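Trainee: Each chain is listed here by its residues.
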Amino acid sequence: MTWWQALVNAGAVPAAFAPPASIGRSDLEDGVEPGAGADLMEDDELQAHPLPERSDARLPSAVSFLDGIERWSVVAYDGVVPVVRAYVAAAVRRRDGQGGLHTTHERTRDFALAPLDLMDGARRQALQEHCPDVEVMSGERVGQPAVFLETVEMAVRRARARLERELAEACIATLADDHWLVVDGLLSLSPAVARHPRALGVIKSHGAQFLEGRGLERALTLPAGHRTSVFRVRGGHTRTEVFSWYLRLWPWEGNDLLYGLLRVEARADAATVARASEVSGWLLAERAPLATPDARWDRLLYPLQMVRKYLQTRGPRELLPAPRSPLPRTGT
Amino acid sequence: MIARSDIPPVGRVVATELKPATPHQFHFWTANETSIGIGAIVKVAGLGAGDSGLGRVVYGVVTDGFAYSDLATPLHDVVGAEGDPARAADAPTARQEIRYWTAAVLRQIPEEPLQPVPLARVFVADDADIAQALRMDTYLYSAAPTAIPVGLYTSGGLEAPVYLDADFLLGPEAAHLNISGVSGLATKTSAVEFLLASIFTHFPAHKGRVAAVCFNVKGPDLCFLDQPGDLSAEDRRRYERLGVPPAPFQRMRLYAPLKADGVNLNTLRTHPDLVADVEPLTWGLQEVVDFAEVLLNRDDIDAKADAFIDFLRDRVLARTFDDGFGTTHRVQTFADLDRLFRAIFDGLEITAGGRSDTWRTHHIATMRKVRNRLSNISTRCKGLVTDDGPSSDIPWGAFEDRAVYVIDVANVDPLGQDLVFARVVSKLREHLERRDLGVDAVVVFVDELNKYAPGDGPDTYVKKMLLDISERGRYLGLVLFGAEQFRSQVHRRVVGNAGTQLFGRMDMDELATPGYQVLSPATKIKLATLPIGELMVRHPHFTQPIFVRFPKPPVLRGRDGVERFPPAADLPFADAVVRQLVHLDRRIRPNQVKDLIADREEEDVRRALAAVRRTRPEDVLAYFRKTLGRRVASDAAVPRERQAVPPLNPISDEPY
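Chains A and B are the protein sequences, given in the same order.
Sequential numbering from 53 applies to the first sequence in the working numbering.
Sequential numbering from 24 applies to the second sequence in the working numbering.
Treat the hints with care, since some could be wrong.
Covered by chain A, per the in silico footprint, the following chain B stretches (three or more residues, Cβ under 8 Å) [to be verified]:
hint, region
1, 90-100
2, 105-113
Dumping the calculated SDA-like pairs for lysine to any residue here, alpha-carbon to alpha-carbon at most 25 Å [as the list claims (entries may be wrong)]:
hint, chain 1, residue 1, chain 2, residue 2
3, B, 392, B, 445
4, B, 547, B, 88
5, A, 256, B, 119
6, A, 361, B, 142
7, A, 256, B, 113
It should be emphasised that the hints constitute simulated quantities derived from the structure, not laboratory data.
Only a predicted model underlies this, so the values are computations on that prediction, with no experimental measurement involved.
Even for Gly, the Cβ is constructed at its ideal location relative to N, Cα and C.
With the hints as constraints, model all of the structure from the sequences given.
Mentor: Have a look at this one:
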């Protein structure tokens, strides 16, 4: 018997609410943080640097790719108190010489989220007895269901970020001398990973802008196959200091300014500046195969998409929103 | 049946709403590098975590295969490669691919209730699985096994013998075998030769004795079945695996008509080392008249001709007969018959004064037509049909167990081929009905069914006979092994009655005909590219076609035989007579024979030789001398002035 069944048996009302984020990708947002800024580490002002031809790109002999997913759903209500089942997973898949991906690290967490102090005693006991992993939430916003669900979502994302960070740290601990790790998202969330010489963070969403003025304009109008000068990401209490630059994979003209635009994070070290073009050329070569049919294929690297697909196929399907209404269709 | 846990699965059954698993079909995926291919037999066993259908085992044969990647549209590959095909291979990450297979269910255990195939693990089938999957266990492991190896099923390094059920191959449950395939790949003949060897080895004792009659209709195909062929080590290993000795047929008799000279054999097996094993095949009037229908084309067949032939058969042949004009006849040969006809025609013209055109109720035109046809066969098939009655025939009633009787009619006029075929099959049927042939079952191998039993065209006597064998033969033990290039163009009832069907490499045009609609496109492609030595088998016990490999037959192929044993040139008349007599009695010295026949008429010598062949005396030379000495020539041999038969008046318009 599952813990949510036990909960229902104890008198909770069964529920099924899966947020849209459980359907597909929800990036760990590269959100705006107070005090964020950039110090140029290359050139006097931000420049656009052309990258080597794709055929000249030097690809590392082995690269590991890390990504994660999250799924959650309200599975029961104790009165108006929602009880949430959440699932987060992360995996590292290493690319072999033939271009195939093999999973080397994988972690999952299937847990419950609930404001235990607001729950009825019997049902709280049932939950605690049957669910080995309960994350206690504050019951402050239970009275506002929509707001509370946002809190749940944030909690699940934090859980996923934690899992990804742990996995990234486990991966770099075993990374061979010529192996690289590419993380989908911020590298700076983990100090150990952010300081690793062969770890890269690839950020597709650009909620935080570190540049301004002429530099920002150059970055946002970067031609395809070019990168910007390397700058140091400054500020933000959650960040470890890293170097970063923008990279345009596909021409933005005819689309929008962020089309095909990646921000790359790497160790804050002079060596990062020295090989920014080489690394960018490699990432440019990762444009193929296209990560279609993902809507953000212009920025999504195919191996990272494969890591996510791998995790999605292994995740619990009952946490996905129903594909269609469970109600019978009308005669018309 | 429980799968051994130490054997890793090769795939897993998957089902979607659009492509669900059903009781008769399922889909599974494998690794990209897999031993699975079209025709592979697999086993689905629900044993592992996440498997469904615990305890249910399903066997299936792969009928189709698909490979695809997660590429949404081909255009995305173009975009990714920036329009340059050379760059398409530069992508650092290989796209996720799938090998997705469709399999048709061969058997489910338990068979009831019949349920959809469980979504479980897929294993490669081993020997025991093959036996189960093809329902061979019922006749392979029974108290009285009836299994006949037909070849080896091979897949992914595994190899398992595949057996046919003798009860369904040679009767009485079902019978007959049909094999199709393009010409020139030595598959059809080779397969039949191997299968005959297999039948002779594995024909169950409780079913009695078996023999084969093979019609050699082209070249030297079947002339060297008693000579060993070259077998590779792989072939020998396969023979061992199938339990068939890799040896040529121990008992093989080849029958061939004589050439027009009446003494040389009309076959390609005339090499001095082998010719002694060839028996002449010569028939006389009685044998021909019994099958006169064969000689009459469709326009000829009418009640009047039939009635006259019946009259000859019942009232005249081999009887003392008064022609009504004062002459008594005893008709035993074509020459006797011709004398009878002359007497009748002369009688009508001279004795009756030309006032009558009927004799014993038969119109003179009818008689002329029958005379024309009968004399025609003795002319066109001179060497097969002799003027002096049967001198050498197949040993009816004394067929040997596990013997192959090859009848070489490759160089015989088509009319003669029809006659040989009709008579041999009819005699086989007669003797099998009386159970006095010497064996309990006979396999009759006929190549070129497109010619002898076409789906369209006139209903010939031969076609009717083939239909008769197909429809009634299994009750008698008369089994037809037919071969052709285009199965679709053979009479439907002939191929439809064949319980077992083999297919070699097929022509794509042939595969496009409706008869092959039940096969999947992939199976058709495999059929169109089958290598030599591989066949697709359909058998009543197999719910789906199965691909097998068979070893090269253990006999010398016709072409190789002709190279190793080149046919000898025709011998001079005297030498040919010597050879035939020496064949009957090896003590005879050639000079004795040559002295005897010197200055004798060749016709006399031929008649004496025929008498010797017919009689098979203890002392061949003495009998030959005696027969030659008392001038065995019939009256017809006496020179006399040929009297032309004047036309009758009035006479019908028939041009006879």
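Trainee: Run every hint past the structure and note whether it holds.
Mentor: How the hints compare with the structure:
A stretch counts as covered by a chain when three or more of its residues have a beta carbon under 8 Å from one of that chain; for the region 90-100 of chain B and chain A the count is 6, and the coverage holds. Note: the region 105-113 of chain B has 4 residues with beta-carbon separation from chain A under 8 Å; the three-residue rule is met and the coverage holds. For the given pair, residue 392 of chain B sits about 21 Å from residue 445 of chain B by alpha-carbon distance, which is consistent with the 25 Å threshold. The straight-line distance between the Cα atoms of residue 547 of chain B and residue 88 of chain B is roughly 13 Å, inside the 25 Å bound, and the hint therefore holds.
Taking the CA atoms of residue 256 of chain A and residue 119 of chain B, the gap is near 23 Å; set against the 25 Å cutoff, the hint holds. Distance restraint check for residue 361 of chain A and residue 142 of chain B: the Cα-Cα separation of roughly 22 Å lies within the 25 Å cut-off, and the hinted pair is therefore satisfied. Between residue 256 of chain A and residue 113 of chain B the alpha-carbon distance is near 24 Å, which keeps this suggested pair within the 25 Å criterion.
In summary, the structure agrees with every hint in the numbered list given earlier.
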